[in-house]
Structures are given as structure tokens and as C-alpha cells.
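Could you put the whole structure together from the sequences, leaning on the hints where they help?
Just so you know, the sequences run in chain order A and B.
The numbering of the first sequence is the numbering used here, which starts it at 4 and goes up by one.
The numbering of the second sequence is the numbering used here, which starts it at 49 and goes up by one.
Since the hints were derived computationally from the structure, they do not count as laboratory data.
Warning: the hint list may mix true and false statements.
To be verified - Selected chain A positions facing chain B (in silico; Cβ < 10 Å):
#	residue
1	N31
2	A77
3	Y80
4	S83
5	I84
6	I92
7	I127
8	S170
9	L173
10	I190
11	R197
12	N199
Said to hold, decoys possible - Below, computed lysine-lysine pairings styled on DSS-like, alpha-carbon distance capped at 30 Å:
#	chain 1	residue 1	chain 2	residue 2
13	B	K124	A	K169
14	A	K75	A	K85
15	A	K166	B	K56
16	A	K239	A	K283
17	B	K66	A	K283
18	A	K264	A	K286
19	A	K169	A	K85
20	A	K181	A	K166
21	A	K102	B	K125
22	A	K85	A	K203
23	A	K203	A	K169
24	A	K286	B	K56
25	B	K66	A	K102
26	A	K169	B	K125
27	A	K239	A	K262
28	A	K301	A	K283
29	A	K283	A	K264
30	A	K245	A	K270
31	A	K203	A	K6
32	B	K66	A	K239
33	A	K169	B	K66
34	B	K56	A	K34
35	B	K125	A	K166
36	A	K102	A	K75
37	A	K181	B	K66
38	A	K166	A	K85
39	A	K307	A	K231
40	A	K232	A	K307
Computed from a prediction, not measured in an experiment: that's the story for all the values here.
Cβ coordinates follow ideal geometry from the N, Cα and C atoms, glycine included.
This is what each chain is made of:
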Amino acid sequence: MSKILFFGGKGGVGKTSCSSAFAIRHANSDKKVLLVSTDPAHSTSDLFNRPIGSTIVNLRSNLDALEIDPQKEADDYISSIKDHMSQIISPIILDELNKQLDAARVSPGSHESALFDKMVDIIISTSDNYDMIIFDTAPTGHTIRLLSLPEVLGAWIESLLRKRRKSVALKRMVDRIKGTEDQPDPIVEILSRRRNNLEKAREIMMNGDNLGFVFVMNAERLPIEETKKAVDLLNKYKVPVKYLVVNRILPESDDLFWKHKKSMEGKYLDEIDKSFSVEKVFKVPMFIDDMKDSTIDKMAEYFKDS
Amino acid sequence: MSFFQNLKLFFEGALDLKGRSVHHIEEEARENMDQFMMLCFSDLLGVDMPTTYYALELLPYLGEDLEDWLLRMDSKKSVWESRGAALDMDP
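Here it is in C-alpha cells:
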């Protein structure tokens, strides 16, 4: 059983409903589950009809949830840097640097980085307390970029550490000749800490079959095409796609329009069975009610074989 | 003091080998530091980096050098200039 599951898929296919139902299904069978929403739309709190914030809240027995707010994470990060900076940097240049930081606060890359940071943090700090951590992610492209970040970041940190160590070594040489005292380098410390965190998260995820991806789609052409591309990419990053969920399977009907729709759906379902090799494909029908706290249990039943 | 010691002192004073080597090491340290800054903050020179956000936490330690570094990068006219300067043996 995978411990860390990412739910991904095209926008609007029902990732939040499916991941919530999946979480409930496992919480019901005595597993401690943490449901983490990374989607900026934060539909999880809408679904459960209660506020969920950036700290862990309990939804039901065995089921906790958390919503990552990238803006808040970035703000916190930048404020802490500002605090730190005001202690050690001369006030003359502080103003200019603070402006740089404020510019970074709103830059588009910051949200992604903050989100990734928080995910690493959650994986490291909570994986001992939960049997399963489920990430309800934003639409596909986003998630895949997120998965490529550790590689980029890892290489970057390595080269920074190498350069910095060289700088420190050179400085020591000069200091030794000049006879001044050398001190531990805070930059090496910060970089090493970041690298260790990345390593730790990677270890947890790569341990056995701890990591799994679940793709949610509808039996329609565009979601299938997008899922194919995403699965290929994930294979490239060696992330196993465990399950597929085909959401909103149509009911039988005598109406001509719906009959036609249903027959098309049949073709797409065949195509899904043929083109993907995963452990299991869950087929979840379209429900008559909206998905909310009281109706989501019906959906959870469809995941009983997971 | 023996003759050889005097001789040694004479050459040390005349050639300033120690000062020169310190100078060269310092030069290399500076060059290395510039490259480090480039890896962290090339964003400020218009080169987009996915890692910019993570470099921000180094700012408290690098902030003092940032302005000078930006000026140096701005005024760099050719790579040959700096290479040539590196080959110049006079400190």
C-alpha cells in the first residue's frame, strides 16, 4: 500500500471529490489519513463545508486535513528573512534589499516554490504520524513541474555548496596567512540543511512503494489524451502511476442523446483499459447529488478495492 | 643573523611573494564569490531561474555584497579584460 499518494488530473474532472472519497475509504478502515489540498481553489473546505486552514484540522475519526496556502507560505518565508536581515545587515542598504524581497513575494515562481517547500515539510514532519498522506494537487502541468523541482533544486544546491566551500577554503588560506580567526559558515549551514531536507523527503518517498500517483479523468477524449501525456512524463521521473479513476460514468438511459453519449463513453472506457497499465482502474458513476460531507461516503464505497 | 637569512629576507622584501600569493588567492576568492552570487541572484540581471526563491534566505549573509556585485556585473565589458587582469603578475 502506498503511503504517499498524489491525486492529479485535468481541471474539473473531480480530483477533490475523488481524493476526499479515497481518504474517507481508508480512514474508515482504521488507517490514519492526512488529506492535503494544494489546489489554490481550495475546494476541500467547500466539500466538507467547513474552514480548513494551513494547520491540521480533524474532519472525522482518523481523517485530518490541511490546505496549503502558497501565498501565506511565501509571505511567512519572506517575513522571516526580513527579520533575520534586520538583525545583521546595516540599515542603510536594508531598504533596497527589502524592496527586492517584496518583489519576490509577488513573483509567479514564488508560489510554486513555497508550495513545494511546504510539501517537503509536510512529508518530513507528518509521515511518522500518519499511515497515509493524500495530496490533492492542482491540474496536471503544475504537478509535473513540481515533481521536476527536486532535481533542479538538488543540482543547484550541490553547485552552490561546492562554490561556497571553495570560497570558504580560499578565505581560510588568506586568514591563516594573515592570522585571523575562522568561523563556521552560515551559508554552508543553510544550504546543507535544505539539501538534507530534500534528501529526507526523497528517502521517505522512494522507500519501497511508498509513493504513488493516482490520475483522475472522465471518459472523454481530452482528459484521456492529457492523462496519457502525464503518465509518460511521470514514468520519465520514475513516479509510478498506481491507479486511474474514471469519474462521472453516465447512467443508462433511453433518451437518444444520452444513449449516444453512453456508447461513446463505452469506446473511451475500452481505450482507457487498453492504453494504460496500472494496478487498478476505478470506475465511479455520476451521482445524482452534489458531492458534500453527507454524500461523499457513497463515493467512498467505490474505492473499497484499493 | 646569517648571510642566508639575510638573503632570504632580502628576496622576501624585494619580491613580496607572500603578499602576491595572498593577492592571488584573494582574487580567486572574489571571482569564486561572484560566480556564487551569479548562481543565486542572476534573476536580478534578467536571467530567469527556478531557484531564485530558495536563494532569498541567503540574502541576510550576501546582502552587503549584492549592490557591489550588481555594479561589477553591470560594468563588465569583456571577458578578456578580466582574464588579462588575472594574468598580470603585478599585485
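Here is what the structure says about each hint:
{"no.": "1", "hint": "N31", "in the structure": "violated, 39 Å"}
{"no.": "2", "hint": "A77", "in the structure": "holds, 8 Å"}
{"no.": "3", "hint": "Y80", "in the structure": "holds, 7 Å"}
{"no.": "4", "hint": "S83", "in the structure": "holds, 8 Å"}
{"no.": "5", "hint": "I84", "in the structure": "holds, 6 Å"}
{"no.": "6", "hint": "I92", "in the structure": "holds, 5 Å"}
{"no.": "7", "hint": "I127", "in the structure": "violated, 16 Å"}
{"no.": "8", "hint": "S170", "in the structure": "holds, 5 Å"}
{"no.": "9", "hint": "L173", "in the structure": "holds, 4 Å"}
{"no.": "10", "hint": "I190", "in the structure": "holds, 5 Å"}
{"no.": "11", "hint": "R197", "in the structure": "holds, 7 Å"}
{"no.": "12", "hint": "N199", "in the structure": "violated, 14 Å"}
{"no.": "13", "hint": "K124(B) with K169(A)", "in the structure": "holds, 23 Å"}
{"no.": "14", "hint": "K75(A) with K85(A)", "in the structure": "holds, 15 Å"}
{"no.": "15", "hint": "K166(A) with K56(B)", "in the structure": "violated, 36 Å"}
{"no.": "16", "hint": "K239(A) with K283(A)", "in the structure": "holds, 21 Å"}
{"no.": "17", "hint": "K66(B) with K283(A)", "in the structure": "violated, 72 Å"}
{"no.": "18", "hint": "K264(A) with K286(A)", "in the structure": "holds, 17 Å"}
{"no.": "19", "hint": "K169(A) with K85(A)", "in the structure": "holds, 28 Å"}
{"no.": "20", "hint": "K181(A) with K166(A)", "in the structure": "holds, 22 Å"}
{"no.": "21", "hint": "K102(A) with K125(B)", "in the structure": "holds, 28 Å"}
{"no.": "22", "hint": "K85(A) with K203(A)", "in the structure": "holds, 27 Å"}
{"no.": "23", "hint": "K203(A) with K169(A)", "in the structure": "holds, 26 Å"}
{"no.": "24", "hint": "K286(A) with K56(B)", "in the structure": "violated, 88 Å"}
{"no.": "25", "hint": "K66(B) with K102(A)", "in the structure": "violated, 43 Å"}
{"no.": "26", "hint": "K169(A) with K125(B)", "in the structure": "holds, 26 Å"}
{"no.": "27", "hint": "K239(A) with K262(A)", "in the structure": "violated, 39 Å"}
{"no.": "28", "hint": "K301(A) with K283(A)", "in the structure": "holds, 19 Å"}
{"no.": "29", "hint": "K283(A) with K264(A)", "in the structure": "holds, 24 Å"}
{"no.": "30", "hint": "K245(A) with K270(A)", "in the structure": "holds, 23 Å"}
{"no.": "31", "hint": "K203(A) with K6(A)", "in the structure": "holds, 15 Å"}
{"no.": "32", "hint": "K66(B) with K239(A)", "in the structure": "violated, 54 Å"}
{"no.": "33", "hint": "K169(A) with K66(B)", "in the structure": "holds, 21 Å"}
{"no.": "34", "hint": "K56(B) with K34(A)", "in the structure": "violated, 79 Å"}
{"no.": "35", "hint": "K125(B) with K166(A)", "in the structure": "holds, 24 Å"}
{"no.": "36", "hint": "K102(A) with K75(A)", "in the structure": "holds, 18 Å"}
{"no.": "37", "hint": "K181(A) with K66(B)", "in the structure": "holds, 10 Å"}
{"no.": "38", "hint": "K166(A) with K85(A)", "in the structure": "holds, 25 Å"}
{"no.": "39", "hint": "K307(A) with K231(A)", "in the structure": "holds, 25 Å"}
{"no.": "40", "hint": "K232(A) with K307(A)", "in the structure": "holds, 28 Å"}
Against the hints set out earlier in the document, violations occur for numbers 1, 7, 12, 15, 17, 24, 25, 27, 32 and 34.
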